[in-house]
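Colleague: Given next are the chains, with one letter for each unit.
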Amino acid sequence: MQRIVVERSGGVPVTKRAHVGAVASGNLEVLCEPPAEARATIVVSTSVDGFEPVWRATLERFLERYPIAAAIEINDFGATPAMVSLRLEQALELAR
Amino acid sequence: MVEMLALEGRWNSRAADKAGRLASIAFARNGKILDAGHIVEVLERLIRPGDRVCVEGDNQKQADFLSRSLAAVDPERVHDVHLVLSVLGRPEHIDLFERGIARKVDFSFSGPQSLRLAQLVEDGRVEIGAIHTYLELFGRYFVDLTPNVALVAADSADAAGNLYTGANTEETPTVVEATAFRNGIVIAQVNEITGVLPRVDIPGSWVDAVVVADRPYAIEPLFTRDPAEIDDVAILMAMLAIRGVYEPHRVRRLNHGIGFDTAAIELILPTFGESLGLRGEICTHWALNPHPTLIPAIESGWVESIHCFGGELGMERYIAARSDVFFTGPDGSLRSNRALAQTAGLYATDLFIGSTLQLDRDANSSTATRGRIAGFGGAPNMGSDPHGRRHASAAWLALARGEDGIARGRKIVVQLVETFRASGVPTFVERLDAADMVGKAGFAIAPVMIYGDDVTHVVTEEGVAYLYRAANVDDRRAALAAIAGVTPVGMERRQERTTALRAAGVVAFPEDLGVRRGDARRSLLAATSMADLVRWSDGLYDPPARFRSW
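Line order of the protein sequences matches chains A and B. Its first residue numbered 1, the first sequence is counted upward by one per residue in the numbering used here. Its first residue numbered 1, the second sequence is counted upward by one per residue in the numbering used here.
For the record, the hints were derived by calculation from the structure and aren't laboratory data. These figures come from a predicted structure and were not determined experimentally. Ideal Cβ placement from N, Cα and C applies to all residues, glycine included. Incorrect hints may have been included.
Some chain B residues near chain A, calculated using beta-carbon distances under 8 Å [claimed, not checked]:
#, residue
1, V233
2, F420
3, G485
4, P488
5, G514
6, A520
7, R522
Residues of chain B clear of chain A, computed beta-carbon distances all greater than 12 Å [what the hints assert, rightly or not]:
#, residue
8, H79
9, E98
10, R317
11, P510
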C-alpha cells in the first residue's frame, strides 16, 4: 500500500461532489469534492507499490490540462495510467 | 532399356524413396487406413534423421494425436528432425527438442510455448531458422522448406482417404499440396472415418494414409472475447479509431487483430458508428476470423462479407445460417483456407489494426519481450504495405504519395495500444527487447513484428498520431511522443511542438476529433456480455462452456 499526494494552488473550484469507478482489480474509484481553499489536492492510495513517478506524471498532466481546484481522493487497485486519467476526467465532468 | 532405367533413377529418386518408405509401413496399413495402435512404429519407419517434418500446428487446429505420437518415438531412430509448422504451440512440440528428436525449427508463432521456447534457445537445444509470417512460411513450403513428411489433421475421412476439414480448413490444403506434389508422405489424423463425407476438402489421391485419433483434434477458441471484460479505456480508443481513422479515410475493407481493443470497435459500430451515419460507408468487407463480437454489427446490416483464416468454436451454426456473409460450402460449413485469407489480408484490404507489446520511438513493434519468443502469425503480412498492389480504392488513395502522375496509395497500418499495459509496464519503450536478440539462437535479424516505416497511424487513449503525414523523422518521433502518455517516450513531448503538430493534422487529441472522453462508457457496447451475443445471434451462437455463466 502506498500513499501519494499531489498539490497545486489556484485553479477554478469544482462545484459538486462526484464519485466514479469501482474498487476492483485493474480499476479505481475517484471521489471529487469542492475544495476548502483554492487549491487542487489529490491523495492517492494504491495497492501497487513502486510507481510513484508514473503517478506524479499522470496527475501533474491532468492538472495541467484541467487547472481546477478540488479535493480528490483516489483508491487504486492496479489501474493503468490510461484508466486513471479517464476516471479523473469522468469525475471532473460530473463535478464541474 | 538399361539407359532408361538409369535415367529414371536419376530423375525420379524422390518417388522411389517414397515408395520404399510406404512399403516399410505396409504392416500397419489396410488400404489407406492406418492402425492407430502402430502409429509410433509407423513414424519411426517413415521419418529419417534430418527429414523436414510438418506436424500440423495451426493457429487453432492441432494434429495433436500425431504430435504426441511423434514425441514418443525412439530418439535413437528418429533424430535431427527439422520441424516446419505455423504454430509451435503444443507442449509436445517443445518435448521434441528436449528429447533430441528435433533439432531445428522454422515457424510463425509460438503463443502458449513462448516461455519454454525461450528456455530451449537459452539452453542451446534448438536452432531457429526464422520466425516467419504465415504467407512467407507457406511460400517456403514450395521453395526450400518442402516437408518430406506431413502429419495433418482433419475432421473426417472416407476409405479412399478423401478428407473433410469442417469449418477449420486453415493450413491443411497448403501443407498437403506442398508435400504431396513433391513426393513427400502425407498422413492425416481424423476424428472419424465415415462412408460419405459432407464435402471433399482434400482429394484422397493426395493423402497416403489416414488414422483415427484417440480423441478429436485439439482446438482453442482463440478469437472469442467476452464483452464483460471490455473497459472504458478500450471504448475510448475504439471511438478514436473510428473517428480518427475509419471515418476520414472511408475504410471499407479491413482486418482486425484479436484483442479487447478491436472487439470494442466491433461492438460500438451498431451504436457509435450508427450515430455517425457510417453504416455502409465503413467496415463492409472483412478478412477476419469469425469474431463473436462482430455478431451485433452483422445483425445490424453493417457487414457484406467475411473471409475467414480459420473457424471459431461455437460459431458453426451461426455461420451456416448466414451464408450471404461467410464463405461456406454446399454442406453449410465454413471453408477457411488460411493461405487465401492471408492473401486477401495482404492485397485486398485497405486497413490492418492490431495491438502489440512494445513500440519504440520509431514505431517499430514487437511481441518478443525478454524471456519470451512469441512470434507473429499473420500480423506482419496484414500489417505491411504490399508494394505489388495495383488496384485503387478510396481508403488506399487517401494516403497517396508520389508525383508527376505516378502517385500510388498506401495500406493503412494502425497500432492500437494503451500507453501502459497492466502491471505498470510501458508499451512505449526507448529500445525494443527484440533488438537485443540479434545474434542469439541464430537470429540474423531482430524479430520485429511490424516495422515502423509500415506503420501509418498509432492510436492510444491520448489520441491519434498520423505518422504518414509527418514531414521528417523528427516530426514523426514528436507525434508519437505526443500520444505516448507518461511512458519514457511520452515524457519527451513538448507543448509547443505538440500544438504545431495538432495544427498540421499530424496529431489529433480526442477533442480535435469530436470525441468526449466522458462518453466512453460500457453502455456504448452493443453487447455487454456473452449472453447478449447469444441473443443477438437468435440463439445460433453457442459459446464454449468456459465463456458461459449460465
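Colleague: Against each hint, give a clear statement of whether it holds in the structure.
Modeller: How the hints compare with the structure:
1. V233: holds, 5 Å
2. F420: holds, 5 Å
3. G485: holds, 6 Å
4. P488: violated, 10 Å
5. G514: Hint violated; B:G514 Cβ to chain A Cβ min 16 Å, cut 8 Å.
6. A520: Holds: closest Cβ of chain A sits about 7 Å from B:A520, inside 8 Å.
7. R522: violated, 12 Å
8. H79: holds, 47 Å
9. E98: holds, 36 Å
10. R317: holds, 34 Å
11. P510: violated, 9 Å
Comparing the model with each earlier hint shows violations of hints 4, 5, 7 and 11; every other hint is respected.
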